[in-house]
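S.K.: Each chain, written out:
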Amino acid sequence: MKVLLIAQVGLLRLARDRTNVFFVLLAPFLLILVLGQLFGGQDGLRLGVVAAQGQLADRLVTALGSGTRVTVTRAADEAALRTAVERGEVHAGLVLPASYDASLAAGRTAAVRYLIRRTDLRSHDVGTWVRSVVRQESARVLGVSPTATVTVSTAGRAVFPEGLSAFAISAPPLLLLFTFLTSLTAALGLVETRALGVSRRVHASPTRVGTVIAGEALGRVAIALAQGALIMAGSALLFGVDWGDPFGAVATLLAFSLVGAGAAMLLGASFKTPGPPISLAMILGLGLSALGGGTVPLESFDPTLRTIAHLTPHAWGYDAFAQLVRHDAGFVDVLPQLGVLTGLALVLFALGTWRLRRALT
Amino acid sequence: MSALLEVVGLRKRYKDIVAVDGLGFAVHEGETYGLLGPNGAGKTTAISMIVGVLDADAGEIRVAGRAPDLATRAMVGYVPQQLALYPDLTARQNLRFFSGMYGMRRAQARTRIAEVLELIGLSDRADHAVATYSGGMSRRLNIGVGLLHRPRLLVMDEPTAGVDPQSRTSILDSVQRLTGEGLAVLYTTHYMEEAERLCDRVGIVDHGRMLTEGTPSELGDPDLESTFLRLTGRALRD
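Protein chains in written order, with the working numbering: chain A, 1 to 361; chain B, 1 to 238.
It is possible that some hints are incorrect.
Claimed, not checked - Reference listing, derived: stretches of chain B covered by chain A, where coverage requires no fewer than 3 residues with Cβ under 8 Å from a Cβ of chain A:
hint, stretch
1, 51–57
2, 71–80
3, 83–91
4, 94–101
Worth flagging that the hints you see were computed from the coordinates, not collected in a lab. By construction, the Cβ of each residue, glycine as well, lies at the ideal position given by its N, Cα and C atoms.
Only chain A is shown next, with the shape it has when bound in the complex (with noise of 0.2 Å):
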């Protein structure tokens, strides 16, 4: 009863705060927005073709702008289109070989060459229209020229599968920011518990160490997780985003949020006044969801820093999302994930246990 009522109290404060209005409650959904639309979103889609003139290859060409999503320019050549791609200004580039007319007219292969740029996740669906168009087209070609085969072949597993929603790639890390991030702010309430001397308070009425310290650890989950099932919720109603196994997808929230929940305990617990806390909240908060994926896609990094992003729980709580959302694994797939994040806060709960209890005594 009496740890109920810490853990309530604790939920009251935060919800009373009007500062949380914006930033637990609207941040992170106008976030998962902007975010969704700079891995895809609504915006048209941009390939740049370089084609010499010829009639197959204007017909390719024509053919790959009569979609309505795809919108194809004309680069003066390689180099260019390199450039465009390299800066973003179209999301993949396609270049037909001089000879492609020729090598057709003669039954030969002609082998057109894709360019993206490897962190541009809408280069993976502009790929999956060229495929297409492609493939229509060499079978058009194939009438003319029985002796001209189309192979098409996938090695290994898309990172990104197709059909994949945008906002299914930018939802998860940012469950993992802002829980983590609620979490460690809520930790000041801890502090100020300490600095108002309502814990000395409490320690003077007929309230065990451990009743007050297992109140707070709970206060803290309870924050953690009314964070993150907001965001899965709301991000699966307003953005149809699907978080895959329902068990895979709970058991992850709930390991991070108890990695989350630890680290707040320790921080509440270290300091005696609100100033570096909150310093200190906003560095790790930030820091840590940045290394581990949470602004930059964890496969874009190379393999030393993927490494180094593995130090953060951010990085395996990415992985076990990725694997749900993405790879529709299963609980059981995820267990390696989840037994890394709940042997992380065992280690942080013990350590902020530690650290409260001679706060208090």
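With chain A fixed as given, assemble chain B onto it according to the hints.
M.R.: Showing chain B alone in chain A's frame:
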């Protein structure tokens, strides 16, 4: 009268500083005992040990004849010098929270909270955030929390510090009314006129030691303040 609180040879040391040095006194049922001393005399440290938020290095504390434990804590009401309240919650929410910490049941707490709000004159502002209260209102609520669970002993650490004369008068009236109902009060203050008005007995402490003890009239030669300054000196304290 039997002693509700007995303190014998209490001692507390912080590294090189001896904050409380063999302090001893007793507070009886229905009695108001004033612990007087300049800043740094060891009053708040002694009170912290009595209410159980600080461990003593040596000495003995007995509440109703028992060594301090969770049961004796339920007999003691604590009004700290600092406003130990959540400023972003209302008076009623603060009282509800602390009633829970004292193990009061919901229905019992609801009735008692209404009584306490009436007693401290905050019934009409009960559902406003404490942050919107004046200093005097916050002080009254601070006392109200200490009274919530009907303690036998109320420990008040400078409860009128920084309040206006109206609120001070109201607080002193309340304390007198409560002691009239049998509550024992351990009271620390800097204001000698408060001690003279409220206290049945006073103890003057400095450097953690009891310098003298008696009724205000016994020690008031020519008045309590003169005795206080004669015993503790006129040098300024931090």
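S.K.: Run every hint past the structure and note whether it holds.
M.R.: Hints versus structure:
1. 51–57: n = 4 at 8 Å, threshold three: holds.
2. 71–80: holds (count 6)
3. 83–91: holds (count 7)
4. 94–101: holds (count 4)
Checked against the numbered hints above, the structure breaks none of them.
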